[in-house]
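Quick mapping for you: the protein sequence lines, in order, are chains A and B. Letter by letter, the first sequence follows residues 1 to 229 of this note's numbering. Letter by letter, the second sequence follows residues 1001 to 1149 of this note's numbering.
Hints listed in this document are in silico derivations from the structure and should not be mistaken for laboratory results. Here a beta-carbon is modelled for each residue, glycine too, at the ideal position from N, C-alpha and C. Be aware that one or more of the hints could be misleading.
Stated by the list, open to error - From the structure, some residues in chain A lie toward chain B, with a derived Cβ separation under 10 angstroms:
hint, residue
1, T24
2, K29
3, E57
4, E62
5, A63
6, L67
7, G82
8, R117
9, Y120
10, I122
11, G123
Claimed, not checked - A short, non-exhaustive set of chain A residues, derived as facing chain B with CB atoms under 8 angstroms:
hint, residue
12, Y32
13, A71
14, H73
Said to hold, decoys possible - Computed far set for chain B versus chain A, every beta-carbon distance over 12 angstroms:
hint, residue
15, L1007
16, A1037
17, L1044
18, A1045
19, G1048
20, D1056
21, P1068
22, G1073
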Amino acid sequence: MFHPYALLYGYVDEPTDSNRAPPTCLWSKQFYETDLSRGFVRGYAFQVGRGVGPVVEAVMSEAKGILPWGAEHHRVFRRLNGHRLSLAAICEDLPEERNRVTLDPVLKDSHGIPAPRVDYTIGENSAKMLEHGVARAKEILAAAGATDICINCPILYGGWHLLGTARMGVDPKRSVVNEWGRSHDVKNLFIVDGSVFVTSGGVNPTSTIQAIAFYIADQMKQRLANLFD
Amino acid sequence: MSVEITLNSLQRDDLRVVAGMIIPATVEYGVPGADDATIQSDILATLGRDAELMRDALDHLARLAGMPLANLGETAREAVATQFRASGGPAAATLTRVVLQCYYRDDRVLRSLGLELRPPFPQGYALEQGDWSLLDPVRARPPMWRRTS
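Looking at chain B on its own, in the form it has when it is part of the complex (with noise of 0.2 angstroms):
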């Protein structure tokens, strides 16, 4: 996967704070934050079409913050935050979804989710039957749909 910089240091820096307030890693699961650096490799090898509306939400951002995210205390990044989506309109809603989809396509994620590391098709997976004798009464009931002639 190529690795296409298409944000300045400041905008990483702040794309990783605010990814890791959106996703923080637990213990509890024993998966990573969406501030991996894996995940934000992902996200910047990725952006992609989605690059501008980044850039724009990390300069509003970086507006509301007034300083790196980083350097604001855990009570100011929060308010920060709360405004930020609050604010930020379709940009806010971009950085949203792409931490959000790099974060849940990492491998360690799935695992942790009890997801197998593969579509679903075209392998396909055996489903458990379910109750069919549920269908009973529909099939037992006359047609509600029109004879073609």
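For reference, chain A alone in the conformation it holds in the complex (with noise of 0.2 angstroms):
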């Protein structure tokens, strides 16, 4: 599992403060729960940020062909800069069968270890999920006047959060780690990472990661007399 994202982003009369403070402000969980009303379960978190810096600001809105080139350059950039809102909405993607990471049966390093490959397509759940992230951060956008509207869904240079693949569980035949993170095939090897997840949840990783590691070593530390039986 990644974590599907959609950014919108639009310009404000007023000054958001972009270059001096933290971009993401603001969170939002209204669409975090599952709602089957919205044609999908599960839902999205909403990262509200105020913008970036003018390197980031100038590439970005250069790229998408908003800042031109030639005389007009400056005037543009200075309407532009600082004054960015943008939303993130931040999908809790659910685990799919054909989502998975393989030994590659090709490619191979240099000592003949094959590579892992992973395959992965955004699913239908994660699908409507972005759609409806992105009607609703249209309608906050729209809502705070912002013009100039940008819409990245899904950004292609989202798949930093590597989750799942690895699922804690009770049952061995649903499930690769028992419910203190030991492999259910391999009695002295435990997995303590993002790859337990059972879904990516809507958050950045590293909280829960970090509260699944204390988890575990606190279940390994209560087990040590037989931890491997």
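Two chains, two separate frames, one set of hints: put the complex together.
Here it is in structure tokens:
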């Protein structure tokens, strides 16, 4: 699982302090929990951003075609820079059978060890979630009076949260590690990272990974006498 | 900063001209163009892993122009630039990104934008407080999250 992201931003008349504070300044969980009337299960968090510094603003806006070359460049840049309002929907991805990491049948490293092969496509549930997030973000930006709305859905560089593939659970047929992090198949193997997530969650995963690490370490400590039985 | 020359003189000339087309100098805001000598030096000194795509971009530009860009008239230069942006792919995008990133970290440019010449952290900034009462309706409504057991 990854986190499919929809990123929308626009520009408002008011200064947004883009270069003066952390970019992400507000979170909303309004659409985080399941509401079947939306057409999908689970949900997403909105990260509201106050914009970016001048280099990123210039590079992104030129690539989007809203920052021109030539004489108009300076006037347009001064209207955009420090006035960006962004919303990112970070979607809770679900495990999909076809999304997996396997050994590549052809590609090997210099020692002949097969390379990992990652197969991933955004599932129907996540696609509907992204669509919902885009629609809500458009409404919010319109209500804020934003112009020059830019839509990146999904963001193409968003595969940075690598989660799942070794899910935690009590049933060896449906999970890779047990409820305290030990592999069902290999008794002296513990997996302590985002691989054991059962869904991706709709938030940045570091805090949850840290909590799982504490939990599994504590479980190991309590079971030291028969840890590998 | 050590200066590593990775472009030949023709490529450097074309880079200077096209950079000035992307961001020309302006009296109105009192800033140099991206063809300014200091900004050009910064570009050359920090090309790093962008050097190969930058060379590809400048080779493509040279093919489109058929001669040094500076020798073309303004209309012909504009036509070449339009074609370059349309057909240059990742190499043209890299050239543009490198020009923009070096321009918008220049002290003179940052001053003209009203920015202090320092990163926001660790010193930070004191921001004016917004209207926190906007959140009152949010605080008043019931939780939309599940309680953990």
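Okay, the hints, checked on the actual structure:
1. T24: T24 (chain A) check fails; min Cβ-Cβ to chain B is 14 angstroms, beyond 10 angstroms.
2. K29: holds, 6 angstroms
3. E57: It holds, given that the least Cβ distance between E57 (chain A) and chain B is near 8 angstroms, below 10 angstroms.
4. E62: holds, 6 angstroms
5. A63: holds, 7 angstroms
6. L67: holds, 9 angstroms
7. G82: With Cβ-Cβ at 8 angstroms, under 10 angstroms, it holds.
8. R117: Since chain B brings no Cβ nearer than about 25 angstroms to R117 (chain A), farther than 10 angstroms, the hint is violated.
9. Y120: violated, 23 angstroms
10. I122: Violated - the Cβ of I122 (chain A) stays beyond 10 angstroms from chain B, reaching only about 24 angstroms at its closest.
11. G123: violated, 23 angstroms
12. Y32: holds, 7 angstroms
13. A71: Given a least distance of 6 angstroms, the restraint on A71 (chain A) holds.
14. H73: holds, 5 angstroms
15. L1007: Check passes; 21 angstroms lies beyond 12 angstroms.
16. A1037: Label holds. Min Cβ-Cβ 19 angstroms, cutoff 12 angstroms.
17. L1044: The assertion about L1044 (chain B) holds, with a minimum of 18 angstroms to chain A.
18. A1045: holds, 16 angstroms
19. G1048: holds, 15 angstroms
20. D1056: Holds: least Cβ distance 18 angstroms, greater than 12 angstroms.
21. P1068: holds, 19 angstroms
22. G1073: About 16 angstroms separates G1073 (chain B) from the closest Cβ of chain A, which puts it past 12 angstroms; holds.
In the structure shown, a violation is registered for the earlier hints numbered 1, 8, 9, 10, 11, in ascending order.
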